[in-house]
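Student: If you want the building blocks of each chain, they are given just below.
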Amino acid sequence: MSEHNDLLKDFNTLKEEPPFKVPEDYFASLPDKVEARLERETIPQKQKVIEMIKPWLTLAAIFFLIMLLFHTFGPKQINTDTRMNVADQTEWTFEPLLFELSDMDIMSYMAKENIPVETQLILGTDDAQNLDLEEIEELILF
Amino acid sequence: MTEKEWSDTEIIQRFAEQSTRQKAFNHLIRKYQVRLYWHIRRMVISHADTDDVLQNSLIKIWHALPNFRGDAALYTWIYRITTNETLSFLRNKQRVNFYAWEDTDNDFACNLADDPYFDGSKLQQRLQNYIMQLPNKQRLVFNLKYFDEMKYDEIAAITGGSVGSLKASFHHAVTKIKQLMRNDLI
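Residue numbers (this note's numbering), protein chains in the order written: chain A, 1 to 142; chain B, 1 to 186.
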C-alpha cells in the first residue's frame, strides 16, 4: 500500500513538466502556417467551381473534337450503303403488296385518283396480263 | 521587439474590422496556441496529429468568430471548439482502427514508445499509458482537472454536461488509474 501511495506522490510531481517535446520553432511558425491555409481556403467560390469542372470540360472538348474530325474526315460509304439498303427493302415490300390487291381494288383506286380512262382500259384488257410491274407503275403514275 | 498581448475584448473588436482582422487573429493564435496545443496533445499523443487537429480547430475558429456573441469567455469558447475537433478526430481514428481490427489503446501506447517527441521518464510513460486506457470523455475530464487544474464549472462550459456528471467522470478516471497501478504492482 505504501508503494502505491509513493507512486501517487511521484505522479503528482509530473504535473508540471509535460513528457512530450515540441519541434523547435513550432509555435513561432504556426500563425504563418494557419494564415497560409486560410489564404488557400478563401479563394473565391466561382474560381473553385471552375477548378472543379475544369477536367470535365477538357474531356468534353476532346470528345467533341474527335467527333468533329470523324464527321469531317471519316468514311462516307456508310451513308450510301444505308440508302441502298433502304431502297432494297422498299422494292422487296412493294411487290407482294401489289399482288395481294384484287382487280376491283385497283379499279376503284384508279377511279378515286382520277386516272385517265385510257389507262383504265389498257389495264382492263388481256394485254395488261403481259405487263410487268414497272410498266403498270408507269401507267398509273404518269 | 514583441508586441504587447491584446486582451480578448480587443481581439474581438479588431477582428470585426476588415482592415485589422488578420492581425487580430494572429494575436489570438499567439495568445492561446500553447495552451490549446497541450490540451490536444494530451488527448491524441502524437505531435503530427496534434498539429493537424490544432490547425483545423484554428481554421474553424476563424470562420466561427464573426458569430461569437460573448455569452462565454473567449478562451472557453475556443477550448470548446478545439475539444470538439479533438474528440471528433479520436472517434474517426477509433472507427478506422475498428474496421482495421486494431486496438486503439495499444496503437497509442506504441505511438508513445516510438514518438521521437516523447522524452518522458519511465514513470511519465507509465502514467500516460494509464491515462490512455481511459475512455475519451473520462480522459478529457481527467486532463482538464488534473493537468490544467480547471474548476468543474469551467470544464462544464467547455465539454457540456452537469458538474455532477463531470465529478463522477473524474472519480471514475482516478479509480481506474489507481486500479491499473495496483495491477501493475502485483
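To be clear, the hints were calculated from the coordinates, so they are not data collected in a lab. Hints are not guaranteed to be accurate.
As a list, the in silico DSS-like pairs of lysine-lysine whose alpha-carbon atoms are at most 30 Å apart [claimed, not checked]: (1) B/K137 x B/K178; (2) B/K167 x B/K145; (3) A/K33 x B/K4; (4) B/K176 x A/K33; (5) B/K167 x B/K151; (6) B/K145 x B/K176; (7) A/K54 x B/K93; (8) A/K33 x A/K21; (9) A/K33 x B/K60; (10) B/K145 x B/K178; (11) B/K4 x A/K21; (12) B/K60 x B/K23; (13) A/K54 x A/K21; (14) B/K4 x B/K93; (15) B/K31 x B/K60; (16) B/K93 x B/K23; (17) B/K176 x B/K137; (18) A/K33 x B/K167; (19) B/K151 x A/K21; (20) B/K31 x B/K178; (21) A/K33 x B/K23; (22) B/K151 x B/K176; (23) B/K31 x B/K176; (24) B/K60 x B/K93; (25) B/K137 x B/K60; (26) A/K21 x B/K137; (27) A/K54 x B/K178; (28) B/K151 x B/K178; (29) B/K4 x B/K23; (30) B/K178 x B/K93; (31) B/K151 x A/K54; (32) B/K178 x A/K33; (33) B/K145 x B/K93; (34) B/K178 x B/K60; (35) B/K23 x A/K54; (36) B/K137 x B/K151; (37) B/K93 x A/K33; (38) B/K167 x A/K54; (39) B/K93 x A/K21.
Bear in mind the structure is a predicted one, so any value in this text is a computation, not a measurement.
Student: Does each hint hold? Answer for all of them.
Tutor: Hint check results:
no. : hint            : result
1   : B/K137 x B/K178 : holds (18 Å)
2   : B/K167 x B/K145 : holds (10 Å)
3   : A/K33 x B/K4    : holds (22 Å)
4   : B/K176 x A/K33  : violated (39 Å)
5   : B/K167 x B/K151 : holds (10 Å)
6   : B/K145 x B/K176 : holds (16 Å)
7   : A/K54 x B/K93   : violated (34 Å)
8   : A/K33 x A/K21   : holds (20 Å)
9   : A/K33 x B/K60   : holds (15 Å)
10  : B/K145 x B/K178 : holds (16 Å)
11  : B/K4 x A/K21    : holds (27 Å)
12  : B/K60 x B/K23   : holds (17 Å)
13  : A/K54 x A/K21   : violated (44 Å)
14  : B/K4 x B/K93    : violated (39 Å)
15  : B/K31 x B/K60   : holds (17 Å)
16  : B/K93 x B/K23   : violated (34 Å)
17  : B/K176 x B/K137 : holds (13 Å)
18  : A/K33 x B/K167  : violated (38 Å)
19  : B/K151 x A/K21  : holds (27 Å)
20  : B/K31 x B/K178  : violated (36 Å)
21  : A/K33 x B/K23   : holds (14 Å)
22  : B/K151 x B/K176 : holds (21 Å)
23  : B/K31 x B/K176  : violated (35 Å)
24  : B/K60 x B/K93   : holds (20 Å)
25  : B/K137 x B/K60  : holds (22 Å)
26  : A/K21 x B/K137  : holds (25 Å)
27  : A/K54 x B/K178  : violated (60 Å)
28  : B/K151 x B/K178 : holds (22 Å)
29  : B/K4 x B/K23    : holds (13 Å)
30  : B/K178 x B/K93  : holds (27 Å)
31  : B/K151 x A/K54  : violated (54 Å)
32  : B/K178 x A/K33  : violated (41 Å)
33  : B/K145 x B/K93  : holds (25 Å)
34  : B/K178 x B/K60  : violated (37 Å)
35  : B/K23 x A/K54   : violated (35 Å)
36  : B/K137 x B/K151 : holds (16 Å)
37  : B/K93 x A/K33   : holds (24 Å)
38  : B/K167 x A/K54  : violated (55 Å)
39  : B/K93 x A/K21   : holds (23 Å)
Hint violations for this structure: numbers 4, 7, 13, 14, 16, 18, 20, 23, 27, 31, 32, 34, 35, 38, all remaining hints satisfied.
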